[in-house]
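Participant: Chain residues, written in single-letter form:
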Amino acid sequence: MESVSFLRVIKTGALNFWRNSWLSAAATMVMTITLVIFGLLFLLFGITNYSINTIKNTVDISVYFKVGLDEQQIFKIRDAVQADPRVKEVVYISQQQAFDEFKQRHQNDPLIVQSLNELTENPLSATLNVKTYHLEDYPAVAQSLQDPQYKDFISKVNFEDNRAVIDRLSRILKFIVTFGVGLIAVFCLIAALVVFNTIRLTIYNRKEEVEIMRLVGATNWYIRGPFLTESFLYALGATVLSALLFTPIFNQVLPKIAVYVNPQLTLFHQNLFNYWYLMGILLGLSLLLAAVSTLWAIRKYLKV
Amino acid sequence: MIKFQNVLKKYDDVTALQGVNLQVRHGEFISLVGMSGAGKSTLLKLIIGEEHPDDGQVLIDDIDIATVSKTDLPYLRRKIGMVFQDIKLLPKRTAFENVAFAMEVCGHKKEKINGDVPKILDLVGLLHKRNHFPSQMSGGEKQRVAIARALAHRPVLLLADEPTGNLDEVNSDEVLELLLKINSLGTTVILATHASSLVNRIKRRVITIESGKIVREQAQGNYQL
Ligand SMILES: Nc1ncnc2c1ncn2[C@@H]1O[C@H](COP(=O)(O)OP(=O)(O)OP(=O)(O)O)[C@@H](O)[C@H]1O
Ligand SMILES: [Mg+2]
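Protein sequence lines, in the order shown, are assigned to chains A and B. Residue numbering for the first sequence follows my numbering, starting at 1 and increasing by one per position. Residue numbering for the second sequence follows my numbering, starting at 1001 and increasing by one per position.
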C-alpha cells in the first residue's frame, strides 16, 4: 500500500470525524462510559480477589508445644504433620526464635524490654504453623492434632477460622463476575449500536463520493479505510478520556484501599493493578468494539 | 483490445443486451448509437465491470473481466476513463478538486496532481473555471469537467456515455472535437450517443444497437434513426 494513500485514508477519516462532530462526540461518550464501567468492574474484581487471597493467607493452624520438650520429639510430630497429604507447609518456630521475634516486635516498648531482660527462662513455647492446600481441610487437620497421642507434648492447638469471611467474599466475587459480565455485555451492545449508526450515517452522507471512488478505481481498503479510521478515533478518544478518569483513582483511591485490605503491603496496587495494563485492555476493547461495529455497518450499507 | 463474445445481460426480466459480438482495436474511435433504452450504457458498464454478463464473455486484452478478482478490478478501472451519463461530479468540490479526486483515489502524489490537473483542465478548455463548483457551471462545462476527470489518470480507453446529452449544437460540437483530439493523442474512445447528426459528421466506425442487439456495423457511419 502506498503511503500517500494511507495518509489520505487517515485524513478522510479524521475529516469525517469532524464533519459530524456531534455524533462523533456522542459515540465517543458512550464508548467512554462503557470503558469506565469495564475498568471499575475490573478493579472491583481485582480488589475482592486480592482480599480473598490475603485472608486465605492468614488462615493457619498454630500448634503450641509444652515448654522444655526435647526438640527431637517436636521434629517427629512435625514430620508426621508434614506427611499428611492435605498439608501444604509446616513452619517450625523454636523457643529461641519465638523469643527473638517477640523481642524484635516490642523493641520500642521499654517496659517489655526491661521485663524480658529480667527473665531467666524463656517463657514462650515452640510452635508449628500449619497450612493446608484446601481451606476446607483446616478443621480436620486441627482436629487430628488434638488426638490424645499428642496430649503430652502439645499444650494448645489454635485455629483461626476465617472461612465464613472468605465464603462471603467469594460470593461477592461471583456476583461481581455475573453481574459485571451482564452489565458489560449490555453496554458493549449499546456502544456498538451507537457506533454502527454513526458510521451508517457517514456512509449515507458519502454515498455519492464512494460510488465515484469505486468507478474511478479506488481499492476496497481505500474506500473502507476512512470509516474504520473514524471509528478508531472514537475508540482512541474514549480510551484517552477513561485514562484521564482513572488517573486519580489509581493515584488516590487504590492506595487507600490497598492499605485497608492489607496494612503490610502498602504498594500492592502497583503490581496488582498496573495502570498501563488496564489502559491497554481498555484500548483493545474499544478498538475491537469500533472495528466490529464498523465492519458490520460497512457490510450492510456499503456495497463494494 | 476489447472483445464481446455472445454477451447476454438481463436486469431481472428485462433483457438489456443479447447476442452481442463486438471487437474494438487499439486507437479506434467508435460510436455506439441507438435509441433510449437500447442498451448503450449497459454495454459500457460491462466494460468497466460495474455490471456482469449473464452469459458470454467480455474480454479486455484477452482477460475475461468475470475472472478479475475484486482486489484487481480497481487496477483495471484505472486503465479506463469513463464519462458517466449522469456526469457524477461532486457538488461540494470545485472543478479542480473533482479532477484531483480521481487522481487521489488512484494513489498519485500531491505534486503530480497539482502539476497534471491544470494541464488536463487546459486541454478541455476550463482552466479559468478551476475554482468553480459544478453549480456555477453550464451543462457543457460540467460535461467537460467530467471528461477531464475521466482523463486524469491517463487511461488507455475512454468511455463517453452521452457526453453531449443535454447540450446544444455548438456545445456538442466542442465536446466532440475534444473527444477526437483525445483519440488523436492515442486513447481509444467509445462514444455512446443517440445524436445522429453528430455521428454522421465524424466519419468513424459506427455500431448501431436496437433493443439490446447489434443490428448494424459501418466503417464510416451514416447513421439513421
Ligand atoms: N439497473 C437497472 N435495473 C433494471 N433495468 C435496467 C437497469 N439499467 C438499465 N435497465 C434497462 O435496460 C435497458 C437498457 O438500458 P440502458 O441504460 O443500457 O439503455 P441506453 O441505451 O443507455 O438508454 P439511454 O439512451 O436512455 O441512456 C432498458 O430497458 C433499461 O430500462
Ligand atoms: Mg444510457
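Heads up, some of the hints might be wrong.
Pairs of lysine-lysine residues, derived as PhoX-like cross-links and limited to a Cα-Cα distance of at most 25 Å, are as follows [what the hints assert, rightly or not]:
| # | chain 1 | residue 1 | chain 2 | residue 2 |
| --- | --- | --- | --- | --- |
| 1 | B | Lys1110 | B | Lys1088 |
| 2 | B | Lys1079 | B | Lys1003 |
| 3 | B | Lys1070 | A | Lys300 |
| 4 | A | Lys11 | B | Lys1003 |
Note that these hints are calculated values from the structure, not bench results.
Participant: Each hint needs a verdict: does it hold in this structure or not?
Facilitator: Do the hints match the structure? See the list:
1. Distance restraint check for B:Lys1110 and B:Lys1088: the Cα-Cα separation of roughly 23 Å lies within the 25 Å cut-off, and the hinted pair is therefore satisfied.
2. Of the supplied pair hints, the one linking B:Lys1079 and B:Lys1003 holds, its CA atoms being roughly 16 Å apart against a limit of 25 Å.
3. Restraint check for B:Lys1070 and A:Lys300: the C-alpha separation of about 18 Å stays at or below 25 Å, so the hint holds.
4. Between A:Lys11 and B:Lys1003 the CA atoms are separated by roughly 40 Å; this puts the pair beyond 25 Å, and the hint is violated.
Checked against the numbered hints given earlier, this structure breaks only hint 4.
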